[in-house]
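Enquirer: Sequence:
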Amino acid sequence: MKRHLLLLALLFAGFFASAQEDTAVKGTVINVSTSRPLENVNIVNLSQVTGTSTNSKGEFEINAQANDTLHFSYLGFKSIKVRVTNDWIKFGTSQIELTELALALEEVVVNQLKLTGYLKVDIAQVPIRSNYRYSISGLPSTGYEGGQSKPGAVSK
Numbered sequence: 056m057k058r059h060l061l062l063l064a065l066l067f068a069g070f071f072a073s074a075q076e077d078t079a080v081k082g083t084v085i086n087v088s089t090s091r092p093l094e095n096v097n098i099v100n101l102s103q104v105t106g107t108s109t110n111s112k113g114e115f116e117i118n119a120q121a122n123d124t125l126h127f128s129y130l131g132f133k134s135i136k137v138r139v140t141n142d143w144i145k146f147g148t149s150q151i152e153l154t155e156l157a158l159a160l161e162e163v164v165v166n167q168l169k170l171t172g173y174l175k176v177d178i179a180q181v182p183i184r185s186n187y188r189y190s191i192s193g194l195p196s197t198g199y200e201g202g203q204s205k206p207g208a209v210s211k
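Residue 56 is where the sequence shown starts when you use my numbering, and the numbers rise one by one after that.
Don't take every hint at face value.
Stated by the list, open to error - No farther apart than 27 Å at their CA atoms in a straight line, the calculated lysine-lysine pairs in the DSS-like style are these:
{"no.": "1", "residue 1": "136", "residue 2": "112"}
{"no.": "2", "residue 1": "81", "residue 2": "112"}
{"no.": "3", "residue 1": "169", "residue 2": "136"}
{"no.": "4", "residue 1": "133", "residue 2": "112"}
Unchecked claim - Cβ-Cβ distance ranges computed for the label pairs, FRET-style:
{"no.": "5", "residue 1": "107", "residue 2": "76", "range": "51 to 59 Å"}
{"no.": "6", "residue 1": "137", "residue 2": "158", "range": "20 to 28 Å"}
{"no.": "7", "residue 1": "164", "residue 2": "107", "range": "42 to 50 Å"}
{"no.": "8", "residue 1": "161", "residue 2": "114", "range": "32 to 40 Å"}
{"no.": "9", "residue 1": "168", "residue 2": "101", "range": "46 to 54 Å"}
{"no.": "10", "residue 1": "110", "residue 2": "173", "range": "13 to 21 Å"}
{"no.": "11", "residue 1": "97", "residue 2": "159", "range": "23 to 31 Å"}
{"no.": "12", "residue 1": "91", "residue 2": "118", "range": "20 to 28 Å"}
{"no.": "13", "residue 1": "177", "residue 2": "94", "range": "54 to 62 Å"}
{"no.": "14", "residue 1": "145", "residue 2": "97", "range": "23 to 31 Å"}
{"no.": "15", "residue 1": "97", "residue 2": "168", "range": "39 to 47 Å"}
{"no.": "16", "residue 1": "105", "residue 2": "159", "range": "33 to 41 Å"}
{"no.": "17", "residue 1": "163", "residue 2": "122", "range": "43 to 51 Å"}
By construction, these hints were calculated from the structure, which means they are not laboratory data. Cβ atoms here follow ideal geometry from the backbone N, Cα and C, with glycine treated the same way.
Input sequences plus hints: build the corresponding full structure.
Expert: In C-alpha cells, the structure reads:
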C-alpha cells in the first residue's frame, strides 16, 4: 500500500512539474478598424521579461506559462496587456486586436519670411592671417601655433 501511495505521489509531482513548463503561445495581432494584420508589433512577457515581435503576417510565438501577462505595443496604437489562460495554451492560437490612438494635433502656423535685401561680400576684403596663430579661449594671449602647412612639415 505504501508503494502505491509513493508511486501515486511521484506521478502527481511529475504532473505538476510539467504544468509549470513554458509552452509556446501563438497568436495573430490585427488592427480593429481594418481587420488587417499588424507587422512588427512588440510583445513582452512581463512575468519572464522575454519578448518577440510579429512577422509580416501579424503572427507571433512566445514562451509563456498560464497566468503570465503579455504586453502588446505598437507605434500609433493603444498598448494592451493580455493574461495567458489555460484555454489559450490548450487551443493554440488567439487573435489580439489593437485600436488606433486618436490624438488631437494642435494648429501650426507657418509665416512667410520676407527678405528685404541681400548681403554682398567681397572676398578681397576678408582679412587673412598669415602668421598661423589662432586664439583659443582658455589659452594665453599668445594663442596656438598651427605650424607649417607644407608637406612633411612638423606641427608645433
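Enquirer: Between residue 105 and residue 159, does the beta-carbon spacing fit 33 to 41 Å?
Expert: 36 Å, holds
Enquirer: Holds or violated: 23 to 31 Å for the Cβ distance of residue 97 and residue 159?
Expert: Once the Cβ atoms are compared, 25 Å apart, the range 23 to 31 Å for residue 159 and residue 97 holds.
Enquirer: Tell me if the beta carbons of residue 163 and residue 122 are separated by a distance inside 43 to 51 Å.
Expert: The hint (43 to 51 Å, Cβ to Cβ) holds, given that residue 163 and residue 122 are roughly 47 Å apart.
Enquirer: Do the beta carbons of residue 177 and residue 94 sit within 54 to 62 Å of each other?
Expert: 58 Å, holds
Enquirer: Is the Cα-Cα distance between residue 169 and residue 136 27 Å or less?
Expert: Status violated; Cα separation ~52 Å.
Enquirer: Does the beta carbon distance between residue 107 and residue 76 stay inside 51 to 59 Å, or does it fall outside?
Expert: Once the Cβ atoms are compared, 18 Å apart, the range 51 to 59 Å for residue 76 and residue 107 is violated.
Enquirer: Could you check the hint for me, namely that residue 164 and residue 107 are 42 to 50 Å apart, CB to CB?
Expert: 44 Å, holds
Enquirer: At the C-beta level, are residue 145 and residue 97 separated by a distance inside 23 to 31 Å?
Expert: Because 26 Å falls inside the window, the suggested range holds.
Enquirer: Decide if the proposed pair is consistent with the structure: residue 133 and residue 112, CA atoms, cutoff 27 Å inclusive.
Expert: This hinted pair holds, its Cα atoms lying about 20 Å apart.
Enquirer: Below or equal to 27 Å on CA atoms is what counts here, so check residue 136 against residue 112.
Expert: 21 Å, holds
Enquirer: CB of residue 97 to CB of residue 168, is that within 39 to 47 Å?
Expert: 42 Å, holds
Enquirer: Just to be careful, I want the Cα atoms of residue 81 and residue 112 compared with a cutoff of 27 Å; is the pair within it?
Expert: Holds: residue 81 and residue 112 sit about 13 Å apart, inside 27 Å.
Of the numbered hints listed earlier, those contradicted by the structure are 3, 5 and 10.
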